[in-house]
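All chains should be modelled from the sequences, with the hints used to inform the complete structure.
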Amino acid sequence: MKNLVELIDVSLSYGKTLAVSELVMKVPEGSFAAVVGPSGCGKSSLMKLVTGLTPATSGAVVVDGHEISAPVAIVGMAFQNPNLLPWRTTLENVMLPLEVVRPERHQFRARKQEFRDRAMNLLRIVGLDAFADHYPWQLSGGMQQRASLCRSLIHQPRLLMLDEPFGALDAFTREELWDVLQAIWMQQRFTAILVTHDLREALYLADDVHVMSNRPGRVVRTVGTAEFSRPRGEKTFLEPAFNESVMDLRADIRAQRMPIDVKSSTSGETI
Amino acid sequence: MNKTLEHGGPIFLSIALLLAWELACKAFEIPPFVLPSPSLIVEALNENLYIIWFHSSQTLLTTVVGFAFAVIFGALLGIAVGSSRLAYSSLYPLLVGFNSLPKVAIVPILVVWFGIGSVPAIITAFMLSFFPIAVNVATGLATVEPELRDVLRSLGASQLDIVHKIGIPRSMPYLFASLKISITLAFVGSVISETLASNRGIGTLMTQASANFRIPLVFAGLAVIALMGVVLYVIFALIEKRMTGWATRGATFGIGG
Numbered sequence: 001m002k003n004l005v006e007l008i009d010v011s012l013s014y015g016k017t018l019a020v021s022e023l024v025m026k027v028p029e030g031s032f033a034a035v036v037g038p039s040g041c042g043k044s045s046l047m048k049l050v051t052g053l054t055p056a057t058s059g060a061v062v063v064d065g066h067e068i069s070a071p072v073a074i075v076g077m078a079f080q081n082p083n084l085l086p087w088r089t090t091l092e093n094v095m096l097p098l099e100v101v102r103p104e105r106h107q108f109r110a111r112k113q114e115f116r117d118r119a120m121n122l123l124r125i126v127g128l129d130a131f132a133d134h135y136p137w138q139l140s141g142g143m144q145q146r147a148s149l150c151r152s153l154i155h156q157p158r159l160l161m162l163d164e165p166f167g168a169l170d171a172f173t174r175e176e177l178w179d180v181l182q183a184i185w186m187q188q189r190f191t192a193i194l195v196t197h198d199l200r201e202a203l204y205l206a207d208d209v210h211v212m213s214n215r216p217g218r219v220v221r222t223v224g225t226a227e228f229s230r231p232r233g234e235k236t237f238l239e240p241a242f243n244e245s246v247m248d249l250r251a252d253i254r255a256q257r258m259p260i261d262v263k264s265s266t267s268g269e270t271i
Numbered sequence: 001m002n003k004t005l006e007h008g009g010p011i012f013l014s015i016a017l018l019l020a021w022e023l024a025c026k027a028f029e030i031p032p033f034v035l036p037s038p039s040l041i042v043e044a045l046n047e048n049l050y051i052i053w054f055h056s057s058q059t060l061l062t063t064v065v066g067f068a069f070a071v072i073f074g075a076l077l078g079i080a081v082g083s084s085r086l087a088y089s090s091l092y093p094l095l096v097g098f099n100s101l102p103k104v105a106i107v108p109i110l111v112v113w114f115g116i117g118s119v120p121a122i123i124t125a126f127m128l129s130f131f132p133i134a135v136n137v138a139t140g141l142a143t144v145e146p147e148l149r150d151v152l153r154s155l156g157a158s159q160l161d162i163v164h165k166i167g168i169p170r171s172m173p174y175l176f177a178s179l180k181i182s183i184t185l186a187f188v189g190s191v192i193s194e195t196l197a198s199n200r201g202i203g204t205l206m207t208q209a210s211a212n213f214r215i216p217l218v219f220a221g222l223a224v225i226a227l228m229g230v231v232l233y234v235i236f237a238l239i240e241k242r243m244t245g246w247a248t249r250g251a252t253f254g255i256g257g
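These protein sequence lines are chains A and B, in that order. When we follow the working numbering, the leftmost residue of the first sequence carries the number 1, and every step to the right adds one. When we follow the working numbering, the leftmost residue of the second sequence carries the number 1, and every step to the right adds one.
Rather than coming from a laboratory, the hints here were simulated on the basis of the structure. Honestly, I wouldn't trust all of these hints.
Claimed, not checked - Partner residues are not named here, just some residues of chain A that face chain B (Cβ under 8 Å, in silico):
no.	residue
1	Leu53
2	Thr57
3	Ala73
4	Val75
5	Asn83
6	Trp87
7	Leu96
8	Glu99
9	Tyr135
10	Met258
As the list claims (entries may be wrong) - Below, in silico cross-link-like pairs of lysine to aspartate or glutamate (EDC-like), each with a Cα-Cα straight-line distance of 20 Å or less:
no.	chain 1	residue 1	chain 2	residue 2
11	A	Lys112	A	Asp129
12	B	Lys165	A	Asp133
13	B	Lys165	A	Glu92
14	A	Lys26	A	Asp170
15	A	Lys2	A	Glu67
16	A	Lys235	A	Asp198
17	B	Lys165	A	Glu99
18	B	Lys165	A	Glu104
Only a predicted model underlies this, so the values are computations on that prediction, with no experimental measurement involved. For glycine and all other residues, C-beta sits at the position ideal for the given N, C-alpha and C.
Here you go:
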């Protein structure tokens, strides 16, 4: 299958700090990739690189066969913070991208009913159709995140970028939303890149899990999850192979830790 | 019970203060030309009803006109400063510098330019009241969440789209908060200008009255200004409540956990 996203020796620096260095990564079209790594390894920089929001310092970011230097319009994004607009209802929030993205923005008035139906359909999938006319502050955190997910998918993007979308949710809601996301993905088969620090989440949702190194970040290992059949569910968590993979990844991340240097701190020296 | 107390609070407190004032004037036998008692002020108000109306209508007019210009200009300036880094860095120092000028000192210049009358009062009201509006609107626009900005930018939104879809609605509560401050400042501006150079307006009335030692009339003028300020404040508070209820949802409750 052809790669929708390909990062070739990409480096990114903010001033003197190198956030990402010599990063190589391939995401085939229609697949689900996850990126895990220690805190501050440049996972969010990766998001900005792939969406074209931040140009790479060196190397090439290839999306859909073209090297990109500006935002690509085929992307949907969702973050840890749902970022819904408080003055809009859930439905109006979900429809926001259609008012902005081309060519839909020019057809918004003419095709309003069709767009509305599309939004309602997405809300139905995530179980929010009864709350379409509620305001974000009337929704719980999990419901807001579902709405945010709908907003990122409403313009039918070919690439979905998720930056720890479930990070702020409680464990039950999080696992529920994994299944919601998996169901949408299996139905629509867009390409997805999920940045997360939850190893079970990465293995549960993704086809390939990329492990990043400490800053400056690069991919040190890629783990395939083809052995866990889809749709994944309660059974997957019980598979010994699944839990072994979790332990393996954990070991990888632990290996990235900075050595703990006790001596320098006890002698009272500051660096 | 709590509700009536909350609504009646301002009225009870005002009455209590007026009573204390009245009693203090009586008890310490303060002469009226030093501090007139509330009853004397009401009397002065009653006796000079037409004169006070003649002057206060002028003050109200110049204040509202100056304030209207301040809202339009301040909001536009705020949008420019809040949405463009270039406009921010180049305009902000100028704005702060201008706002530091004592407006009292500018009034004589305005009189030289425009003559005595409504125009200097309108301009002074405008100068005093546009700054909080501009700063507040700019703050609302400048504090748009970077992630939300990213969401829209990744969809190909221009800076104008972001300002239009997010920035302006988001800055509405800031705008209304500033309107409540600015309307009272506009009154101060009008009255300053009238006090210095005008032949009509509450400021003029008070200068003339104090020159003639009619201190109760001066206080009557002050009371009218305060009253007009409160009325306009309440009007804007009501509009705010209607327009930006989402920002001050207060007692409404959420669904789910």
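For each hint, the structure was consulted:
1. Leu53: With Cβ-Cβ at 6 Å, under 8 Å, it holds.
2. Thr57: Hint violated; Thr57 (chain A) Cβ to chain B Cβ min 19 Å, cut 8 Å.
3. Ala73: It holds, given that the least Cβ distance between Ala73 (chain A) and chain B is near 4 Å, below 8 Å.
4. Val75: 5 Å, holds
5. Asn83: With Cβ-Cβ at 5 Å, under 8 Å, it holds.
6. Trp87: 5 Å, holds
7. Leu96: 7 Å, holds
8. Glu99: Glu99 (chain A) check passes; min Cβ-Cβ to chain B is 7 Å, inside 8 Å.
9. Tyr135: Nearest chain B Cβ about 6 Å off; hint holds.
10. Met258: Because about 28 Å separates Met258 (chain A) from the closest Cβ in chain B, which is outside the 8 Å limit, the hint is violated.
11. A:Lys112 with A:Asp129: 17 Å, holds
12. B:Lys165 with A:Asp133: Roughly 19 Å between the alpha carbons, so the hint for Lys165 (chain B) and Asp133 (chain A) holds.
13. B:Lys165 with A:Glu92: 12 Å, holds
14. A:Lys26 with A:Asp170: 31 Å, violated
15. A:Lys2 with A:Glu67: Distance of about 15 Å is within 20 Å: holds.
16. A:Lys235 with A:Asp198: 19 Å, holds
17. B:Lys165 with A:Glu99: 9 Å, holds
18. B:Lys165 with A:Glu104: Given that 20 Å is the threshold and the Cα spacing comes to 16 Å, the pair holds.
Going through the hint list in order, the structure does not satisfy hints 2, 10 and 14.
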